[in-house]
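Here's the letter readout for the chains.
2 protein chains.
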Amino acid sequence: MTPLATLQTPALLLDVQRVERNAARMRAAVTDRGVLLRTHVKTSKSIDVARLVIDPERPAITVSTLREAEIFFDHGMHDIFYAVGITPNKLDRAFDLRARGAALMLVVDTVDAAHAVASAARRHGDAVPVTIEIDSDGHRAGVRPDQKDVLLAIAAALVEGARVAGVMTHAGGSYNARSDDELRHYARLEREGAITAANHLRQAGYDIDTVSIGSTPTALFAEHFKGITEVRAGVFTFFDLVMAGIGVCGIDEIAISVLSSVIAVQPDKGQIVIDAGWMALSRDRGTAAQPVDQGYGLVCDADGVPIPDLIVAAANQEHGLVRVRDDSPCPLPDLKIGDLIRILPNHACATGAQHDAYQVFDVECRAATAVWPRFHGW
Amino acid sequence: MTPLATLQTPALLLDVQRVERNAARMRAAVTDRGVLLRTHVKTSKSIDVARLVIDPERPAITVSTLREAEIFFDHGMHDIFYAVGITPNKLDRAFDLRARGAALMLVVDTVDAAHAVASAARRHGDAVPVTIEIDSDGHRAGVRPDQKDVLLAIAAALVEGARVAGVMTHAGGSYNARSDDELRHYARLEREGAITAANHLRQAGYDIDTVSIGSTPTALFAEHFKGITEVRAGVFTFFDLVMAGIGVCGIDEIAISVLSSVIAVQPDKGQIVIDAGWMALSRDRGTAAQPVDQGYGLVCDADGVPIPDLIVAAANQEHGLVRVRDDSPCPLPDLKIGDLIRILPNHACATGAQHDAYQVFDVECRAATAVWPRFHGW
Numbered sequence: 001m002t003p004l005a006t007l008q009t010p011a012l013l014l015d016v017q018r019v020e021r022n023a024a025r026m027r028a029a030v031t032d033r034g035v036l037l038r039t040h041v042k043t044s045k046s047i048d049v050a051r052l053v054i055d056p057e058r059p060a061i062t063v064s065t066l067r068e069a070e071i072f073f074d075h076g077m078h079d080i081f082y083a084v085g086i087t088p089n090k091l092d093r094a095f096d097l098r099a100r101g102a103a104l105m106l107v108v109d110t111v112d113a114a115h116a117v118a119s120a121a122r123r124h125g126d127a128v129p130v131t132i133e134i135d136s137d138g139h140r141a142g143v144r145p146d147q148k149d150v151l152l153a154i155a156a157a158l159v160e161g162a163r164v165a166g167v168m169t170h171a172g173g174s175y176n177a178r179s180d181d182e183l184r185h186y187a188r189l190e191r192e193g194a195i196t197a198a199n200h201l202r203q204a205g206y207d208i209d210t211v212s213i214g215s216t217p218t219a220l221f222a223e224h225f226k227g228i229t230e231v232r233a234g235v236f237t238f239f240d241l242v243m244a245g246i247g248v249c250g251i252d253e254i255a256i257s258v259l260s261s262v263i264a265v266q267p268d269k270g271q272i273v274i275d276a277g278w279m280a281l282s283r284d285r286g287t288a289a290q291p292v293d294q295g296y297g298l299v300c301d302a303d304g305v306p307i308p309d310l311i312v313a314a315a316n317q318e319h320g321l322v323r324v325r326d327d328s329p330c331p332l333p334d335l336k337i338g339d340l341i342r343i344l345p346n347h348a349c350a351t352g353a354q355h356d357a358y359q360v361f362d363v364e365c366r367a368a369t370a371v372w373p374r375f376h377g378w
Numbered sequence: 001m002t003p004l005a006t007l008q009t010p011a012l013l014l015d016v017q018r019v020e021r022n023a024a025r026m027r028a029a030v031t032d033r034g035v036l037l038r039t040h041v042k043t044s045k046s047i048d049v050a051r052l053v054i055d056p057e058r059p060a061i062t063v064s065t066l067r068e069a070e071i072f073f074d075h076g077m078h079d080i081f082y083a084v085g086i087t088p089n090k091l092d093r094a095f096d097l098r099a100r101g102a103a104l105m106l107v108v109d110t111v112d113a114a115h116a117v118a119s120a121a122r123r124h125g126d127a128v129p130v131t132i133e134i135d136s137d138g139h140r141a142g143v144r145p146d147q148k149d150v151l152l153a154i155a156a157a158l159v160e161g162a163r164v165a166g167v168m169t170h171a172g173g174s175y176n177a178r179s180d181d182e183l184r185h186y187a188r189l190e191r192e193g194a195i196t197a198a199n200h201l202r203q204a205g206y207d208i209d210t211v212s213i214g215s216t217p218t219a220l221f222a223e224h225f226k227g228i229t230e231v232r233a234g235v236f237t238f239f240d241l242v243m244a245g246i247g248v249c250g251i252d253e254i255a256i257s258v259l260s261s262v263i264a265v266q267p268d269k270g271q272i273v274i275d276a277g278w279m280a281l282s283r284d285r286g287t288a289a290q291p292v293d294q295g296y297g298l299v300c301d302a303d304g305v306p307i308p309d310l311i312v313a314a315a316n317q318e319h320g321l322v323r324v325r326d327d328s329p330c331p332l333p334d335l336k337i338g339d340l341i342r343i344l345p346n347h348a349c350a351t352g353a354q355h356d357a358y359q360v361f362d363v364e365c366r367a368a369t370a371v372w373p374r375f376h377g378w
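First to last, the sequence lines map onto chains A and B.
Going by full-length UniProt numbering, the residue at position 137 of the first sequence is 137; the numbering climbs one at a time, nothing skipped.
Going by full-length UniProt numbering, the residue at position 117 of the second sequence is 117; the numbering climbs one at a time, nothing skipped.
Calculated pairs, SDA-like style, for lysine to any residue (alpha carbon to alpha carbon, straight line, at most 25 Å): (1) A:336 - B:150; (2) B:336 - A:150; (3) A:148 - B:270; (4) A:148 - B:268; (5) B:336 - A:88.
The set of hints was computed from the structure by calculation and includes no laboratory data.
What you are looking at is a predicted structure, and each value in this text was computed from that prediction instead of being measured.
Build the full structure now, drawing on both the sequences and the hints.
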């Protein structure tokens, strides 16, 4: 048990109760409606955190790197979807993991990639299940749902060694939604895009079992999941200021914060210098285009209560500059050297990635009760 | 020896020859003019890289975290300046390192901090050398050079246990310079601010030995270093697009790049999807306000030759979207799945921090000849 006051700063604090509440909320939205929740572990990159979130009855995860897949497999997780289009130089590694017993599923969105995967599948004698990525909102990767010919060409290339498992899509555009209506719109786009594409495959005779959609906003705002087999979401694990800004969560649901110490108070410059810069907070400015720009993060007192209009306005590598918002009437709070503050992150995945470990924080005791490692790399 | 084609991507490539040339350039600018070069190791966070840069005749480093200090000390580096204002919760750790033999110097910029350091110095029976931080360009931390009373109050608080070693300043505003004249201007501000403050201390009877200035731009553009005892600089180790954008280096001096594979080519969307997103590149957009915005990085071919007007225009966690600049007549290059590209970083310190290791790259052999670890955390 390490009291807050003796923790080395900056440090990444984790509120386990909030993670459990967030997980319960997502399970109510997804699992309780009969759909598999395939938790994205790229947000936490932590076995200990993931265990709080994954449904023990139907454990299944999504990963963004093969390293996540390997580490989670080594900790007993078998049902894994690597949801980033695979490049040829990663294929042998993916098949090695499958040979060790992982039910690893892949994704492709071009005929060239399908040929590469099918060829490796033949070489390894392993009909790996592969989904085809659908671009349901013009946001990034994938085949448009109406590009039936492309879909069927990819499927035809895949079956020369691999198995066509189904389709997947991610309406990343939902992160830019500004209202509940827009969130529901993205959820519909995602579901309809996936189902349209799945039906093209079925009509062509493919016996598919996976219709995979998801993002935290669309998972929580979907009207229903008819025709969907699984939902992928990750950031709900912690939530963050971007999610709060689009109305997906409240500030008091955000489960990680960066503990920081005051280095100096500079009343003449209207700022407080703290020991959390971008190395501890990340350079993510995901709220910059939102109605409320949170700078590099919203400042709370040591108990996690937001201080009115106080944000990290600028960040260097190991210095943060805390200021009151430009148009606020609030004064600089009465802080002094060594005082502790907590900063809520713009983007939980990015801020988490700056740290080696979570300090598991007991709110009542105001102490860290455990250190949970998180990993980096590919 | 790992051929480029079999490296797992994304990976951080290091060109040792460029680091050695960059180090020689900085030594010519600083060491050869009789001033100590106190290399900032926050850029590389690597023992192996730092060994290429540090002057073996007068080894001295600057650190941004106590973890850097501890790790470098454990690898034989004794002369260390922790150049971020220390918070009270780090003091025992700093004195422990000194008790183990490190010549660790600290910095403060308030009377409160000076009292805290002096008190810890008395408790440990160790008159630690401390510099007073000077704000030479209104950029961040420090006492203005003309605030003689504040300076002397800080010094008076320090000597109640610690030793007033001198002054330090960092003209971070130099990163926003737009011409050689402006760079020279910041170099003058830095030098004159430090000397003015040092003279206030000397006139008050303090026998100081440290007048420390520095940043890569001001170190390379200073007209002279009269009255200066040491120069701190770090980013010159690798250089980056921000430095190239302000005219401090050429693109062909940048010593790190992120090796990435093409996931998919999307001619209809005018983009190429690659396996380096912000997790590999960082969220740093340091060139956004420069005349040439490099997006999330400038794209080169596998040999490191820039492809005209090609940048990483957008980045998700593990996806980068490569596009030609908006107003460019250039076509998308003829790339296909699995092709390798290299991305030059906006900010070397930030991009490096996203990786666990450097792949030491041999340009002639087109292979990685060694893996050099780098560390995270505080």
